[in-house]
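**Student:** Residue-level listing of the chains:
Number of protein chains: 2
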Amino acid sequence: MRYRKVPDETVRRLPFYLRGLLLLLQQGRVGISSQELADLVGVRSWQVRKDFSYFGEFGTPGVGYGIESLTRQIKKILKLDVIQKAALVGAGNLGSAVLAYTGFKVYGFDIAAAFDIDPRKIGRKVNNILIEDVSKLNTLKHRKINLAILAVPADAAQQTVDALVRAGIKGILKFSPCYITVPRKVKVISIDIATDLARLPYYIRTR
Amino acid sequence: MRYRKVPDETVRRLPFYLRGLLLLLQQGRVGISSQELADLVGVRSWQVRKDFSYFGEFGTPGVGYGIESLTRQIKKILKLDVIQKAALVGAGNLGSAVLAYTGFKVYGFDIAAAFDIDPRKIGRKVNNILIEDVSKLNTLKHRKINLAILAVPADAAQQTVDALVRAGIKGILKFSPCYITVPRKVKVISIDIATDLARLPYYIRTR
Numbered sequence: 001m002r003y004r005k006v007p008d009e010t011v012r013r014l015p016f017y018l019r020g021l022l023l024l025l026q027q028g029r030v031g032i033s034s035q036e037l038a039d040l041v042g043v044r045s046w047q048v049r050k051d052f053s054y055f056g057e058f059g060t061p062g063v064g065y066g067i068e069s070l071t072r073q074i075k076k077i078l079k080l081d082v083i084q085k086a087a088l089v090g091a092g093n094l095g096s097a098v099l100a101y102t103g104f105k106v107y108g109f110d111i112a113a114a115f116d117i118d119p120r121k122i123g124r125k126v127n128n129i130l131i132e133d134v135s136k137l138n139t140l141k142h143r144k145i146n147l148a149i150l151a152v153p154a155d156a157a158q159q160t161v162d163a164l165v166r167a168g169i170k171g172i173l174k175f176s177p178c179y180i181t182v183p184r185k186v187k188v189i190s191i192d193i194a195t196d197l198a199r200l201p202y203y204i205r206t207r
Numbered sequence: 001m002r003y004r005k006v007p008d009e010t011v012r013r014l015p016f017y018l019r020g021l022l023l024l025l026q027q028g029r030v031g032i033s034s035q036e037l038a039d040l041v042g043v044r045s046w047q048v049r050k051d052f053s054y055f056g057e058f059g060t061p062g063v064g065y066g067i068e069s070l071t072r073q074i075k076k077i078l079k080l081d082v083i084q085k086a087a088l089v090g091a092g093n094l095g096s097a098v099l100a101y102t103g104f105k106v107y108g109f110d111i112a113a114a115f116d117i118d119p120r121k122i123g124r125k126v127n128n129i130l131i132e133d134v135s136k137l138n139t140l141k142h143r144k145i146n147l148a149i150l151a152v153p154a155d156a157a158q159q160t161v162d163a164l165v166r167a168g169i170k171g172i173l174k175f176s177p178c179y180i181t182v183p184r185k186v187k188v189i190s191i192d193i194a195t196d197l198a199r200l201p202y203y204i205r206t207r
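For the record, the sequence lines run as chains A and B. Be aware that the first sequence starts at 1, since it is given in our numbering, and climbs by one per residue. Be aware that the second sequence starts at 1, since it is given in our numbering, and climbs by one per residue.
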């Protein structure tokens with residue numbers, strides 16, 4: 001795979017294509033055009049063709065894409081053709097909301113572990129997931145968990161990330177609004193809900 | 001403004017440019033090239049120029065962009081040159097995390113109200129914001145609040161949205177993983193953390 005050559009924005013769109021395709025599969029649809037795919041994601045149809053061109057030849061010019069085959073290929077590119085296990089760290093308000101979130105299953109994620117530092121939370125279950133002591137992060141390696149969702153307060157973020165890296169975590173989805181440093185081999189994706197909110201006023205007409 | 005002609009993906013990137021520019025401003029930087037802007041956001045430099053081209057002539061070819069002027073222009077396009085008030089609906093785990101989130105101020109947002117249906121929450125304050133009875137949503141109109149952040153359970157989403165629309169809300173940032181229908185004049189932006197998580201495995205090498 002050509003990791004370096006594919007723009008991050010293309011990779012970012014792949015799950016959105018996938019989500020749309022999975023829905024269409026459920027509805028029994030068979031084929032789809034670039035234009036329909038573009039409408040699903042909010043880009044132009046040339047962008048769809050360009051996005052897929054990084055990974056080979058997917059559709060048939062003038063005909064479109066087979067939904068089942070395209071779904072399978074995108075899953076494979078995203079490594080979502082296997083179950084991906086993730087651990088949550090920080091079972092506060094945000095972390096508890098993450099544990100209760102039902103949207104991960106669509107992509108085959110298994111939130112397989114949860115950790116907190118608060119003795120009142122450790123040993124309890126949220127959505128059937130046991131909250132473990134954060135000192136047990138080192139067990140992640142032999143549990144074959146590669147991904148972590150970071151929902152700890154900003155002032156605990158760096159030390160938690162350091163422990164996750166020592167435990168062999170390769171990818172981190174980070175909510176904490178702060179800067180952290182990781183070794184180059186670890187990928188961090190940040191979620192900033194303010195940046196999503198920030199495009200909303202563009203679309204509205206003030207009264 | 002040419003609302004229809006600007007791709008959603010371009011609008012989506014504008015806050016990311018803005019966030020990077022605000023940080024550079026703080027650091028005392030004066031100018032920036034398309035390439036640096038591209039690196040901030042994870043696109044190619046031609047995409048930066050194309051994004052800005054929808055709104056007029058911004059930079060100087062071969063020189064780049066003045067950070068202060070570009071910041072001001074993006075704020076204006078996004079209507080973030082004024083304080084935008086938003087209301088939170090649903091003060092559960094997720095909603096409480098939203099109320100505690102410090103990242104909104106960067107863009108000039110004011111989370112000016114919060115609502116819940118639970119009598120045990122109503123009247124309490126979270127991060128200095130009073131939780132009001134959801135039956136008071138109709139007060140949003142005269143409080144000049146145009147935006148809402150929806151963090152209610154999926155089964156309450158549509159009725160809450162209907163109440164928000166009646167209260168004159170023009171834009172909704174939605175966490176609830178469900179489909180809702182709104183009049184065409186109301187813009188809904190959905191946050192799905194699973195779709196963000198879904199691009200993480202792409203970047204990691206399994207052990």
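If you're looking for bench data, these hints aren't it; they were derived computationally from the structure. Warning: the hint list may mix true and false statements.
Remember, identical chains collapse to one label, so a pair may be satisfied in a single copy or spanning two.
As the list claims (entries may be wrong) - Below, computed lysine to aspartate or glutamate pairings styled on EDC-like, alpha-carbon distance capped at 16 Å:
{"hint": "1", "residue 1": "105", "residue 2": "81"}
{"hint": "2", "residue 1": "85", "residue 2": "8"}
{"hint": "3", "residue 1": "105", "residue 2": "57"}
{"hint": "4", "residue 1": "185", "residue 2": "68"}
{"hint": "5", "residue 1": "75", "residue 2": "132"}
{"hint": "6", "residue 1": "185", "residue 2": "39"}
{"hint": "7", "residue 1": "75", "residue 2": "162"}
{"hint": "8", "residue 1": "105", "residue 2": "192"}
{"hint": "9", "residue 1": "79", "residue 2": "196"}
{"hint": "10", "residue 1": "50", "residue 2": "9"}
{"hint": "11", "residue 1": "141", "residue 2": "8"}
{"hint": "12", "residue 1": "85", "residue 2": "110"}
{"hint": "13", "residue 1": "105", "residue 2": "39"}
{"hint": "14", "residue 1": "75", "residue 2": "196"}
{"hint": "15", "residue 1": "5", "residue 2": "39"}
{"hint": "16", "residue 1": "185", "residue 2": "162"}
{"hint": "17", "residue 1": "187", "residue 2": "162"}
{"hint": "18", "residue 1": "105", "residue 2": "196"}
{"hint": "19", "residue 1": "187", "residue 2": "57"}
Every value quoted in this text rests on a predicted model; they were computed, and no experiment measured them.
**Student:** Look at each hint and say if it fits the structure.
**Tutor:** So, going through the hints one by one against the coordinates:
1. Proximity of residue 105 and residue 81 under a CA criterion of 16 Å is satisfied intra-copy only: 12 Å inside one chain copy versus 40 Å between copies.
2. Proximity of residue 85 to residue 8 under the C-alpha cut-off of 16 Å is found in neither arrangement, the shortest distances being 22 Å within a copy and 32 Å between copies.
3. Within a single copy, residue 105 and residue 57 get their C-alpha atoms no closer than 28 Å, and across copies no closer than 45 Å, so neither meets the 16 Å cut-off.
4. Taking the shortest alpha-carbon separations for residue 185 and residue 68, neither the intra-copy value of 33 Å nor the inter-copy value of 35 Å comes in at or below 16 Å.
5. When the C-alpha separation of residue 75 and residue 132 is checked against a cutoff of 16 Å, the pair qualifies neither within a copy, at 31 Å, nor between copies, at 44 Å.
6. Taking the closest pair of Cα atoms, residue 185 and residue 39 never come within 16 Å of each other, the shortest separation being 35 Å inside a single copy and 19 Å across copies.
7. With identical chains, the CA atoms of residue 75 and residue 162 are never at most 16 Å apart, being 30 Å at best within one copy and 36 Å at best between copies.
8. Taking CA atoms no more than 16 Å apart as the test, residue 105 paired with residue 192 passes between copies only; the shortest distance there is 12 Å, against 22 Å inside one copy.
9. For a Cα distance limit of 16 Å, the shortest separation of residue 79 from residue 196 across copies, 14 Å, qualifies, whereas the shortest one inside one copy, 26 Å, does not.
10. Proximity of residue 50 to residue 9 under the C-alpha cut-off of 16 Å is found in both arrangements, the shortest distances being 11 Å within a copy and 15 Å between copies.
11. For a Cα distance limit of 16 Å, the shortest separation of residue 141 from residue 8 qualifies neither inside one copy, at 27 Å, nor across copies, at 40 Å.
12. Taking CA atoms no more than 16 Å apart as the test, residue 85 paired with residue 110 passes inside one copy only; the shortest distance there is 5 Å, against 37 Å between copies.
13. In this assembly of identical chains, residue 105 and residue 39 lie within 16 Å of each other by CA distance neither inside one copy nor across copies; the values are 24 Å within and 32 Å between.
14. For the identical chains of this complex, residue 75 and residue 196 are inter-copy neighbours only, at 14 Å across copies versus 25 Å inside a copy, given an alpha-carbon limit of 16 Å.
15. Within a single copy, residue 5 and residue 39 get their C-alpha atoms only as close as 25 Å, which misses the 16 Å cut-off; across copies the closest is 13 Å, which meets it.
16. For the homomeric pair residue 185 and residue 162, the shortest alpha-carbon distance inside one copy (13 Å) is at most 16 Å, but the shortest distance between copies (47 Å) is not.
17. In this homomeric assembly, residue 187 and residue 162 come within 16 Å of each other (Cα to Cα) only inside a single copy, at 13 Å, whereas the closest approach across copies is 40 Å.
18. In this assembly of identical chains, residue 105 and residue 196 lie within 16 Å of each other by CA distance solely across copies; the values are 13 Å between and 23 Å within a copy.
19. Taking the shortest Cα distances, residue 187 and residue 57 never come within 16 Å of each other, neither inside one copy (28 Å) nor across copies (35 Å).
When held up to the earlier numbered hints, the structure conflicts with 2, 3, 4, 5, 6, 7, 11, 13 and 19 and fits the remainder.
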